[in-house]
Amino acid sequence: MSDIFNVGLLLSALRLATPLLLAALGGLFSERAGVINIALEGLMLAGAFTAASVTWYAGSPWVGLVSAVLAGALIAAVHAVACIRYRADQVVSGTAINILLTGVPALLSGAFFLSSGSTPQVPQENLIPWTPIVIAGLLVPLTYYVLYYTPFGLRLRAVGENPEAADAAGVSVNLMRYAAVLISGALAGIGGAYLSIGQSSLFTRNMSAGRGFIALAALIFGKWRPVQTMLACLLFGFTEAVAIQLQGVRFGGEEIPTQFVQIIPYVLTIVVLAGFIGTSRAPRALGIPYQKEK
Amino acid sequence: MLELRAITKRFGEVLANDHIDIRVEPGTIHAIVGENGAGKSTAMRIAYGFYTADSGEIVVDGEPRQIQTPHDAIRLGIGMVHQHFMLVDTMTVAENIVLGAEPGSAAAIDLTKALGEIRALSNEFRLSVDPNAVIHDLSVGQQQRVELLKALYRRARLLILDEPTAVLTPQEVEEFFAILRRMREQGKTVIIITHKLSEVLAISDDVTVMRDGRVVGRVKTKETNAAELARMMVGRDVLLRVEKPDARPGETVLSVQRLSVTAGGGERGLRDVSFQVRAGEIVGVAGVEGNGQTELIEALAGLVPAARVSGEIRFRERDVTRTSARERYELGIAHVPEDRHRRGLLLDFDLSENSILGLHYRRPAVSAGPLLDLSGIRARALEMIQDFDVRPANPDLPARALSGGNQQKLIIGREFGLGPKLLLISQPTRGVDIGAIEFIHRKLVELRDEGCAILLVSAELEEVTSLADRLLVIYHGRLVGEVDPRQATQEEIGLLMTGGGKANAE
Amino acid sequence: MKLLRELLFPVIAVLVAFVVGGVIVWVIGDNPFEVYGLLLGSALTWPDGIGYTLFYATPLIFTGLAVAVAFRCGLLNIGAEGQLYAAAFACAWVSIKLGGTVIKGFDGSPIAYGWASLPAVLLVPLALAAAMVVGGAWGAVPGWLKARFGAHEVITTIMMNFIAVSLVSYFTQYYYKAPGDPIMESVPIGESAHIARLGSFVPGLPERLPLNVAFLLAILACVLVYVFLWRTKWGYEIRATGANPSAAEYGGINVRKQIILAMAVSGALAGMVGINEVLGYRYRYYHEFSASYGFTGIAVALLGRNHPVGVFLAAILFGMLIRGGIFVDAFSQHVTKDLVEVLQAIVILFVAAEALFRGPFSRFGLLKRSKV
Numbered sequence: 043m044s045d046i047f048n049v050g051l052l053l054s055a056l057r058l059a060t061p062l063l064l065a066a067l068g069g070l071f072s073e074r075a076g077v078i079n080i081a082l083e084g085l086m087l088a089g090a091f092t093a094a095s096v097t098w099y100a101g102s103p104w105v106g107l108v109s110a111v112l113a114g115a116l117i118a119a120v121h122a123v124a125c126i127r128y129r130a131d132q133v134v135s136g137t138a139i140n141i142l143l144t145g146v147p148a149l150l151s152g153a154f155f156l157s158s159g160s161t162p163q164v165p166q167e168n169l170i171p172w173t174p175i176v177i178a179g180l181l182v183p184l185t186y187y188v189l190y191y192t193p194f195g196l197r198l199r200a201v202g203e204n205p206e207a208a209d210a211a212g213v214s215v216n217l218m219r220y221a222a223v224l225i226s227g228a229l230a231g232i233g234g235a236y237l238s239i240g241q242s243s244l245f246t247r248n249m250s251a252g253r254g255f256i257a258l259a260a261l262i263f264g265k266w267r268p269v270q271t272m273l274a275c276l277l278f279g280f281t282e283a284v285a286i287q288l289q290g291v292r293f294g295g296e297e298i299p300t301q302f303v304q305i306i307p308y309v310l311t312i313v314v315l316a317g318f319i320g321t322s323r324a325p326r327a328l329g330i331p332y333q334k335e336k
Numbered sequence: 113m114l115e116l117r118a119i120t121k122r123f124g125e126v127l128a129n130d131h132i133d134i135r136v137e138p139g140t141i142h143a144i145v146g147e148n149g150a151g152k153s154t155a156m157r158i159a160y161g162f163y164t165a166d167s168g169e170i171v172v173d174g175e176p177r178q179i180q181t182p183h184d185a186i187r188l189g190i191g192m193v194h195q196h197f198m199l200v201d202t203m204t205v206a207e208n209i210v211l212g213a214e215p216g217s218a219a220a221i222d223l224t225k226a227l228g229e230i231r232a233l234s235n236e237f238r239l240s241v242d243p244n245a246v247i248h249d250l251s252v253g254q255q256q257r258v259e260l261l262k263a264l265y266r267r268a269r270l271l272i273l274d275e276p277t278a279v280l281t282p283q284e285v286e287e288f289f290a291i292l293r294r295m296r297e298q299g300k301t302v303i304i305i306t307h308k309l310s311e312v313l314a315i316s317d318d319v320t321v322m323r324d325g326r327v328v329g330r331v332k333t334k335e336t337n338a339a340e341l342a343r344m345m346v347g348r349d350v351l352l353r354v355e356k357p358d359a360r361p362g363e364t365v366l367s368v369q370r371l372s373v374t375a376g377g378g379e380r381g382l383r384d385v386s387f388q389v390r391a392g393e394i395v396g397v398a399g400v401e402g403n404g405q406t407e408l409i410e411a412l413a414g415l416v417p418a419a420r421v422s423g424e425i426r427f428r429e430r431d432v433t434r435t436s437a438r439e440r441y442e443l444g445i446a447h448v449p450e451d452r453h454r455r456g457l458l459l460d461f462d463l464s465e466n467s468i469l470g471l472h473y474r475r476p477a478v479s480a481g482p483l484l485d486l487s488g489i490r491a492r493a494l495e496m497i498q499d500f501d502v503r504p505a506n507p508d509l510p511a512r513a514l515s516g517g518n519q520q521k522l523i524i525g526r527e528f529g530l531g532p533k534l535l536l537i538s539q540p541t542r543g544v545d546i547g548a549i550e551f552i553h554r555k556l557v558e559l560r561d562e563g564c565a566i567l568l569v570s571a572e573l574e575e576v577t578s579l580a581d582r583l584l585v586i587y588h589g590r591l592v593g594e595v596d597p598r599q600a601t602q603e604e605i606g607l608l609m610t611g612g613g614k615a616n617a618e
Numbered sequence: 096m097k098l099l100r101e102l103l104f105p106v107i108a109v110l111v112a113f114v115v116g117g118v119i120v121w122v123i124g125d126n127p128f129e130v131y132g133l134l135l136g137s138a139l140t141w142p143d144g145i146g147y148t149l150f151y152a153t154p155l156i157f158t159g160l161a162v163a164v165a166f167r168c169g170l171l172n173i174g175a176e177g178q179l180y181a182a183a184f185a186c187a188w189v190s191i192k193l194g195g196t197v198i199k200g201f202d203g204s205p206i207a208y209g210w211a212s213l214p215a216v217l218l219v220p221l222a223l224a225a226a227m228v229v230g231g232a233w234g235a236v237p238g239w240l241k242a243r244f245g246a247h248e249v250i251t252t253i254m255m256n257f258i259a260v261s262l263v264s265y266f267t268q269y270y271y272k273a274p275g276d277p278i279m280e281s282v283p284i285g286e287s288a289h290i291a292r293l294g295s296f297v298p299g300l301p302e303r304l305p306l307n308v309a310f311l312l313a314i315l316a317c318v319l320v321y322v323f324l325w326r327t328k329w330g331y332e333i334r335a336t337g338a339n340p341s342a343a344e345y346g347g348i349n350v351r352k353q354i355i356l357a358m359a360v361s362g363a364l365a366g367m368v369g370i371n372e373v374l375g376y377r378y379r380y381y382h383e384f385s386a387s388y389g390f391t392g393i394a395v396a397l398l399g400r401n402h403p404v405g406v407f408l409a410a411i412l413f414g415m416l417i418r419g420g421i422f423v424d425a426f427s428q429h430v431t432k433d434l435v436e437v438l439q440a441i442v443i444l445f446v447a448a449e450a451l452f453r454g455p456f457s458r459f460g461l462l463k464r465s466k467v
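Note that the protein sequences, when read in sequence, are chains A, B and C. So for the first sequence, this note's numbering puts the first residue at 43; every next one is plus one. So for the second sequence, this note's numbering puts the first residue at 113; every next one is plus one. So for the third sequence, this note's numbering puts the first residue at 96; every next one is plus one.
If you're looking for bench data, these hints aren't it; they were derived computationally from the structure. The beta carbon of each residue, even a glycine, is placed where N, CA and C say it ideally should be.
The calculated lysine-lysine pairs, modelled on DSBU-like cross-linking and capped at a C-alpha distance of 35 Å, are: (1) B/Lys555 / B/Lys356; (2) C/Lys328 / B/Lys555; (3) A/Lys265 / B/Lys225; (4) B/Lys225 / A/Lys334.
A few chain B positions that, by computed beta-carbon distances, are all more than 10 Å from chain A: (5) Met113; (6) Thr120; (7) Glu137; (8) Gly139; (9) Arg231; (10) Leu233; (11) Arg269; (12) Arg454; (13) His472; (14) Tyr473; (15) Val478; (16) Glu558; (17) Ala600; (18) Glu604.
Just chain A, same shape as in the assembly (with noise of 0.2 Å):
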């Protein structure tokens, strides 16, 4: 067993939580200003393909990870003003751009590359194996600063939570909750780019393999909160790391089916919001569209 668990799986965690905590962190913002965003798959694929196609137009990983920002922000915009301006069921748009952004890359990497839905390779010195990494790590105290020490954080769970409140309170509801799905559009497209120019260094078809919806339960998980996040983010990554690593490992003669250590996070996200361990409550205007004069 020891050479299972060693250094390497705990590195392996590392690099597979990354990816996810970007994502949860995005949606963590978009949610606590409460609008659902189960786009995070789609958000992430656009990342993903903009990262790659553009360090292997530009040659420079920088500029990839910047354009990566933007295309999930701009992706991001479809869904807010789907759901903010147009009131549409945050669920069917969101259902809608993960449609998308199956479609779109490989639409577009069939037409500039002549591939089947993949880009070029990434030449090995223009990757980013760590910097992401670096990033989310970051990125987990500042959410929390901004989230309980800025206007910008109290304004927006605010508008989460009671967004009538936070109107009669002189808060624009409407311009909070744009800025909040754009945030979480920018950093699902980091958590894309790490997937496709640090963890591997080409754009291929779905890459992205459900690491959205992981996020999401992670977020469920981490009960909306910047640092419980992190930490569930960490348990399914470990998870899936276990996963990996007992691919083809026998046990006293036996394969261990990986599959019971892959549904671990999905299992324990119902649990969790079944109430069996502790409770996780949702901003409570999580999901509602808001409209004055009604």
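Put chains B and C on the given structure of chain A with help from the hints.
Quick look at chains B and C alone, frame taken from chain A:
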């Protein structure tokens, strides 16, 4: 200080404010009184930028102003304490107070400065509250102080208070009035929305009386009295007296013993209520809305979770306290709910489908197995629509397309069609046009004369006094008196309703 | 008039989506008219185009109905994907266990997977029932979690999707994969469990097309869902709960029960995808076979206004897109079949943000909003 000129506001069909003129002098306490739905809150929400008026003008300190959002109002020195507090439950007192007007820079809220200012304000107006407490741990009285501090922190010179005493105990009301007087001494202007006349007389300098979306009176408090205000408040342009023979009550149908309902979210609850309703009589319940009427009717209809109900409800000698809504319906208890949009109708369903709600699971709505007899349902719906004069008489229209009066007639038709032994009916004519009111009243008397026991709740004093054979008055979740509606005057009942009678049990 | 109004927004949404998609195609460097010609033209040829279109539409009818039934109860079931995986596996499991599957091992000796070898008259109904019951149960769990604990069905169904995929992959990998098979798929089901391809009895339709009896079941499901929702007391209670839970409660309806029931029915419908896939097409469980049918079902239901007729039409449209997409892939210069997903997404966005169109339409008085 503040002047509303010809403010008009429409919500769909309803004219909530019809050319309202209100003038508030600086340094005074100005009361705006009126029944529920008179348009008081709407007018003040317009002044605070929560709603935008369709037409009219707002003048602040002699200058016409555009107030589009609360932010605009705050900048002009207007603050408002809403009836339902606008506080974020999960945040602290200090956070709520500074929200939207945070001291310090964009990078950091200066908490020390905030706490200092809050302490200073608390001392100045004697509004003691712990700034670090979380809102949901506070009593409503304390929460109200937070709301006041919120407005004062924003340097409000004019405070609009919407039904501020509704949530307070009599002792708290005294304290609260002391605070208001202190504010007036400091040069603040206060507008207080209320329907409690005793309070108006105790605290205000001027009174504006509103009824049916219009201003019907402006008086100096010193020059008026409760009787005059009550008359202005409840008086009707058209007197709707119901011609009805004397009741001939039969056996007791409903017997309620020490019924209590613990308060749910934001409700007051019901305390130790006992009374009887006999066959062939209409028992009215008068009271200002929100004094436990909703809980009473819903508990009798079986719509309150059993865990919140104590006491005993007997229907024709049978204990029904723990039975489900459907069982009570089966036994012959019909219910016309107070809010037809929330409870009584499926607005997107057509009239046929609405005509079977509650009866949809059995004959004649169901023909074979689980199958609904659609043509039969439609035929019976059409018959009912004609009997109860629902217009337009088209069973295929969605309920949403009907006016309030016709929606109400549909519900009444459905519930009367049950052949009930007991009818629970709440606010039967709210938002209903004059013609439909008369029709509904006539139908109620007819049903009574057929031997049905009727429990009628209405916020319209006129309505309960003219329909009821016996009248109970409810205040703060208790029955505070029974009067003979033919003998008692509106002023007497009004005083009981507003907690001014000797029967006040508080 | 009512029908026209119902059709208006979906049709606009589709047209706008095609325009936006056309712009994307043009930007990429192809001629939008040619691409659309290819897309729709190849879906309408007889017999291949139409046969494949209907085949691709079949799972979407099931998932579209599934989403619609839940939606009518006020629930958003985005767990159709998990429900159909669990159901497809259950369907295959019954057809293997009771279909007497025997395969040849490495040494040529037979390995028996089945317990019994039932005749088709017994086996097919049992396999159908297995798909529906397991799909229904997989849907009922989030329903119960919502009714009992107030856990939001959107999150729980997403989680249940991943759990279903993992569990099914486990059972396939460790118990039902043929030894040495490099593909994640089960051993074949018993032959008596196969359901007929329409080509075997429809004149002019070749039997090589995978369109099978499941398509007829899908049409039947549309009819039954319509009857269930609008002609039975159960459907009335589900719809009343979705329209106004407070009023439903007033009408003596047990709201919690309706939530569980609606999710179970929804899951059972999603589970029927397994019938098309396992009994009518691949004759085995093939892991991760679903091309996001569960999620596309949301688009189908929304576009079809959560009505069986609309769902049927929307599913056919999306079936055409899937069929045409393959041709776009093969024959156009730059554009790939991924255009189809882009179009779907834009359709959902526009249908969801209906207020976008309401504004201009009511402004020009083309559409009078009913009184609120």
